[in-house]
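Chains as they are written, first to last, in our numbering: chain A, 1 to 393; chain B, 1 to 182.
No wet-lab data here; the hints were simulated from the structure. Since we're looking at a predicted model, the values are computed, not measured. Hints are supplied without guarantee of correctness; some may be wrong.
Claimed, not checked - Label-pair distances were calculated between CB atoms; the ranges are:
{"id": "1", "chain 1": "B", "residue 1": "R83", "chain 2": "A", "residue 2": "A323", "range": "26 to 32 Å"}
{"id": "2", "chain 1": "B", "residue 1": "P66", "chain 2": "A", "residue 2": "A175", "range": "30 to 36 Å"}
{"id": "3", "chain 1": "A", "residue 1": "T251", "chain 2": "B", "residue 2": "P128", "range": "27 to 33 Å"}
{"id": "4", "chain 1": "A", "residue 1": "K298", "chain 2": "B", "residue 2": "D138", "range": "37 to 43 Å"}
{"id": "5", "chain 1": "B", "residue 1": "R170", "chain 2": "A", "residue 2": "D3", "range": "18 to 24 Å"}
{"id": "6", "chain 1": "A", "residue 1": "P291", "chain 2": "B", "residue 2": "D36", "range": "21 to 27 Å"}
{"id": "7", "chain 1": "B", "residue 1": "E20", "chain 2": "A", "residue 2": "P63", "range": "54 to 60 Å"}
{"id": "8", "chain 1": "A", "residue 1": "T251", "chain 2": "B", "residue 2": "P66", "range": "49 to 55 Å"}
{"id": "9", "chain 1": "A", "residue 1": "D164", "chain 2": "B", "residue 2": "E20", "range": "55 to 61 Å"}
Stated by the list, open to error - Dumping the calculated DSS-like pairs for lysine-lysine here, alpha-carbon to alpha-carbon at most 25 Å:
{"id": "10", "chain 1": "B", "residue 1": "K89", "chain 2": "B", "residue 2": "K67"}
{"id": "11", "chain 1": "A", "residue 1": "K271", "chain 2": "A", "residue 2": "K199"}
{"id": "12", "chain 1": "A", "residue 1": "K183", "chain 2": "B", "residue 2": "K146"}
{"id": "13", "chain 1": "A", "residue 1": "K51", "chain 2": "A", "residue 2": "K5"}
{"id": "14", "chain 1": "A", "residue 1": "K86", "chain 2": "A", "residue 2": "K57"}
{"id": "15", "chain 1": "A", "residue 1": "K86", "chain 2": "A", "residue 2": "K56"}
{"id": "16", "chain 1": "B", "residue 1": "K146", "chain 2": "A", "residue 2": "K193"}
{"id": "17", "chain 1": "A", "residue 1": "K193", "chain 2": "A", "residue 2": "K183"}
{"id": "18", "chain 1": "B", "residue 1": "K67", "chain 2": "A", "residue 2": "K56"}
{"id": "19", "chain 1": "A", "residue 1": "K183", "chain 2": "A", "residue 2": "K86"}
{"id": "20", "chain 1": "B", "residue 1": "K67", "chain 2": "B", "residue 2": "K146"}
{"id": "21", "chain 1": "A", "residue 1": "K271", "chain 2": "A", "residue 2": "K57"}
{"id": "22", "chain 1": "A", "residue 1": "K183", "chain 2": "A", "residue 2": "K298"}
{"id": "23", "chain 1": "B", "residue 1": "K67", "chain 2": "A", "residue 2": "K51"}
{"id": "24", "chain 1": "A", "residue 1": "K209", "chain 2": "A", "residue 2": "K199"}
{"id": "25", "chain 1": "B", "residue 1": "K89", "chain 2": "A", "residue 2": "K298"}
{"id": "26", "chain 1": "A", "residue 1": "K183", "chain 2": "B", "residue 2": "K67"}
{"id": "27", "chain 1": "A", "residue 1": "K57", "chain 2": "B", "residue 2": "K67"}
{"id": "28", "chain 1": "B", "residue 1": "K89", "chain 2": "B", "residue 2": "K146"}
{"id": "29", "chain 1": "A", "residue 1": "K252", "chain 2": "A", "residue 2": "K209"}
{"id": "30", "chain 1": "A", "residue 1": "K183", "chain 2": "A", "residue 2": "K209"}
{"id": "31", "chain 1": "A", "residue 1": "K271", "chain 2": "B", "residue 2": "K67"}
Stated by the list, open to error - These stretches of chain A come out as covered by chain B in the derived footprint (C-beta under 8 Å, 3 or more residues):
{"id": "32", "stretch": "41-50"}
{"id": "33", "stretch": "83-89"}
{"id": "34", "stretch": "120-128"}
{"id": "35", "stretch": "249-258"}
{"id": "36", "stretch": "276-288"}
{"id": "37", "stretch": "306-319"}
C-beta: ideal position from N, C-alpha, C; glycine also.
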Amino acid sequence: MPDIKTEVMTVNMGPQHPSTHGVLRLVLELDGETVLTASPTIGYLHTGIEKTTEQKKWQQVIPLVERMDYLSAQSNSMAFCLSVEKLLALEIPERVSNIRVLLAELQRINSHLVWLGTHGMEVGAVSVMLYCFRERELLLNINELLAGFRLFPSYMRVGGLREDLPRGFHAAVVAFLDRFGPKLDEYEDLLTKNEIYLKRTQGVGVISKEAAVAYSLVGPIARAAGVDYDVRRFFPYLGYETYDFAVPTQTKGDVYSRYLVRVAEMRESMKICRQALARITPTGIFAVADPRITPPPKDRVYTEMEALIQHFLIYSQGFTVPAGEAYVPVEGPRGEHGFYVVSDGSNRPWRIKSRAPSLLACQALERMIVGGLIADVIAVIGSIDVVMGDVDR
Amino acid sequence: MDADTLVATLQAAVPDAQIEGAPTVDPQTTIYVSRDEVPALARALRDRPELAFDFLAELTAVDYWPKEPRYEVVYVLVSLAHRLRLRMKVRVPADDPHVATVSGVWPAANWLEREVWDLFGIAFDGHPDPRRLLMPEDWQGYPLRKDYPVQIRMTPNASEALQVTEEEFRANLMKDRLTRGR
Numbered sequence: 001m002p003d004i005k006t007e008v009m010t011v012n013m014g015p016q017h018p019s020t021h022g023v024l025r026l027v028l029e030l031d032g033e034t035v036l037t038a039s040p041t042i043g044y045l046h047t048g049i050e051k052t053t054e055q056k057k058w059q060q061v062i063p064l065v066e067r068m069d070y071l072s073a074q075s076n077s078m079a080f081c082l083s084v085e086k087l088l089a090l091e092i093p094e095r096v097s098n099i100r101v102l103l104a105e106l107q108r109i110n111s112h113l114v115w116l117g118t119h120g121m122e123v124g125a126v127s128v129m130l131y132c133f134r135e136r137e138l139l140l141n142i143n144e145l146l147a148g149f150r151l152f153p154s155y156m157r158v159g160g161l162r163e164d165l166p167r168g169f170h171a172a173v174v175a176f177l178d179r180f181g182p183k184l185d186e187y188e189d190l191l192t193k194n195e196i197y198l199k200r201t202q203g204v205g206v207i208s209k210e211a212a213v214a215y216s217l218v219g220p221i222a223r224a225a226g227v228d229y230d231v232r233r234f235f236p237y238l239g240y241e242t243y244d245f246a247v248p249t250q251t252k253g254d255v256y257s258r259y260l261v262r263v264a265e266m267r268e269s270m271k272i273c274r275q276a277l278a279r280i281t282p283t284g285i286f287a288v289a290d291p292r293i294t295p296p297p298k299d300r301v302y303t304e305m306e307a308l309i310q311h312f313l314i315y316s317q318g319f320t321v322p323a324g325e326a327y328v329p330v331e332g333p334r335g336e337h338g339f340y341v342v343s344d345g346s347n348r349p350w351r352i353k354s355r356a357p358s359l360l361a362c363q364a365l366e367r368m369i370v371g372g373l374i375a376d377v378i379a380v381i382g383s384i385d386v387v388m389g390d391v392d393r
Numbered sequence: 001m002d003a004d005t006l007v008a009t010l011q012a013a014v015p016d017a018q019i020e021g022a023p024t025v026d027p028q029t030t031i032y033v034s035r036d037e038v039p040a041l042a043r044a045l046r047d048r049p050e051l052a053f054d055f056l057a058e059l060t061a062v063d064y065w066p067k068e069p070r071y072e073v074v075y076v077l078v079s080l081a082h083r084l085r086l087r088m089k090v091r092v093p094a095d096d097p098h099v100a101t102v103s104g105v106w107p108a109a110n111w112l113e114r115e116v117w118d119l120f121g122i123a124f125d126g127h128p129d130p131r132r133l134l135m136p137e138d139w140q141g142y143p144l145r146k147d148y149p150v151q152i153r154m155t156p157n158a159s160e161a162l163q164v165t166e167e168e169f170r171a172n173l174m175k176d177r178l179t180r181g182r
């Protein structure tokens, strides 16, 4: 048989491709179905939020940072508020911290549900997507109840929360948690021992423990590779050391391990939610009593001159933050996340830098897909759970 | 390990380095180092078992225009073994903005340094892939500099179709692959 002439083929995957989770572009060189090289190109969603924040007053930054990583909005604004509160040296009431823990964990479940749904769909389990989005709808309803906004509630404020919890909040969260446990079992029934899912995910997109540390991978990707780094354990914030929860880890570092870690994390988040909910009274203090930062209640604005002046000052000039810098890391749905905040002592930030876990995951993508099959590229991109809004900012 | 012990340990590891502590409000040890000693310090921070800062959490820059030295490059490091955090900062003057790369020590620094080059125009000497990361490749200027206008209209040329022959295309591909070390 004569030699068949073969040659390397270059495939341009993205930026508009349904499984690249936004606008990620990959230039792949293929030998048959094997990936020889991969070079990710990013920047298609670069909106310059970090530059924009430098023109805004401190409170105005919150809606912007929520739109960076659009699947973990509450977690973003919480991380930003923690850093600014550190600069302001504010003592945050315990009730506020507990509510923030609850919202951050609900956000984690929310983000993991979107991940599980889209990832399941990409490897062929379309029904998982429909089920996950059904449960996510309940979480979005909770956001709507809380703040009137479903995706970007802007409910966190520097110094506390925007307003007190609405009536029926506890009941809505309990109803969700009671419903979600059995539903999570259902998802696991569909995937965990599904022969097709196992074949698509086991041994695919492997990254070793050493490489995960070297490439600064965090969150479920690192924990699936055996790095037990969880900010909630290593550098506790918001009183996480007082909650009882486990940090699930795996050792293989493949797509399937990441799936197992994220599903286990959703169960742990539910545990934290129940503990936090038990500590939160339905009504109570929801912001620090600092007239520079917290606006007065509306009834006082309508009746007292001082309150009107205070209201006017906060909404026209904002507040100033002492010069300095702060970075408070939090464990977002995608791992260590936080805002490096620099102030020059004025009412606007000097510099805000978001530590973007998705950017670093995207950088390590090449390592995970080279040598594998082109069909596995889809499974791997899904498994690292990149949010392009966080990669490009 | 408290801040003073950490600085003393690092000083013992790199005796020639000038390490200057800085006050912070968040519980992260902050040090200023001179930019010539960044590679030696980076190696010591990662490789010394008593330090073991094997995790580069963040690398970014701040522009303090019109102050001088104008830029600060910030490295946020985590020691997973000892549960420590360290913020290492390097002052960079406006007329000569460059620092040695640390991407050989922490591979994660590759894209982070490209981002700083892209948005601040601070060059990283010895970087394996010194291209822009987020902005179009033909972009003029460095957007996160303080003297760069917020509202600017500029038409990137990147959307124009590139006219190359098939031979040129293949040659470019090979060149690209060789420059990336394969």
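A quick look at each hint next to the structure:
1. R83/B x A323/A: 26 to 32 Å: holds, 29 Å
2. P66/B x A175/A: 30 to 36 Å: violated, 57 Å
3. T251/A x P128/B: 27 to 33 Å: Check passed, 30 Å falls within 27 to 33 Å.
4. K298/A x D138/B: 37 to 43 Å: The hinted range 37 to 43 Å is violated for K298/A and D138/B, with Cβ atoms some 52 Å apart.
5. R170/B x D3/A: 18 to 24 Å: holds, 20 Å
6. P291/A x D36/B: 21 to 27 Å: Distance hint for P291/A, D36/B is violated at roughly 49 Å.
7. E20/B x P63/A: 54 to 60 Å: violated, 38 Å
8. T251/A x P66/B: 49 to 55 Å: Given range 49 to 55 Å: holds, Cβ gap about 52 Å.
9. D164/A x E20/B: 55 to 61 Å: Since the Cβ atoms of D164/A and E20/B sit about 46 Å apart, the hinted range of 55 to 61 Å is violated.
10. K89/B x K67/B: Answer holds: K89/B to K67/B is near 16 Å, not above 25 Å.
11. K271/A x K199/A: Cα-Cα ~31 Å, so violated.
12. K183/A x K146/B: The hint is violated at about 51 Å.
13. K51/A x K5/A: violated, 52 Å
14. K86/A x K57/A: holds, 17 Å
15. K86/A x K56/A: holds, 19 Å
16. K146/B x K193/A: The given pair, whose Cα atoms are some 55 Å apart, is violated under the 25 Å limit.
17. K193/A x K183/A: Given pair K193/A, K183/A holds - Cα atoms ~16 Å apart, limit 25 Å.
18. K67/B x K56/A: holds, 22 Å
19. K183/A x K86/A: Measuring from Cα to Cα gives roughly 39 Å; hence the hint is violated.
20. K67/B x K146/B: The given pair, whose Cα atoms are some 11 Å apart, holds under the 25 Å limit.
21. K271/A x K57/A: violated, 37 Å
22. K183/A x K298/A: Answer violated: K183/A to K298/A is near 42 Å, above 25 Å.
23. K67/B x K51/A: Given pair K67/B, K51/A holds - Cα atoms ~19 Å apart, limit 25 Å.
24. K209/A x K199/A: holds, 22 Å
25. K89/B x K298/A: Violated: K89/B and K298/A sit about 45 Å apart, past 25 Å.
26. K183/A x K67/B: Judged against 25 Å, a Cα distance of about 57 Å means the pair is violated.
27. K57/A x K67/B: holds, 22 Å
28. K89/B x K146/B: Holds, at roughly 19 Å.
29. K252/A x K209/A: holds, 9 Å
30. K183/A x K209/A: Given pair K183/A, K209/A is violated - Cα atoms ~32 Å apart, limit 25 Å.
31. K271/A x K67/B: violated, 50 Å
32. 41-50: holds (count 5)
33. 83-89: The restraint on the stretch 83-89 of chain A holds, since 4 of its residues have a Cβ under 8 Å from chain B and three suffice.
34. 120-128: Per the Cβ count (0), the hint is violated.
35. 249-258: violated (count 0)
36. 276-288: Coverage by chain B is violated here, the residue count being 0 at a Cβ distance below 8 Å.
37. 306-319: Coverage by chain B is violated here, the residue count being 0 at a Cβ distance below 8 Å.
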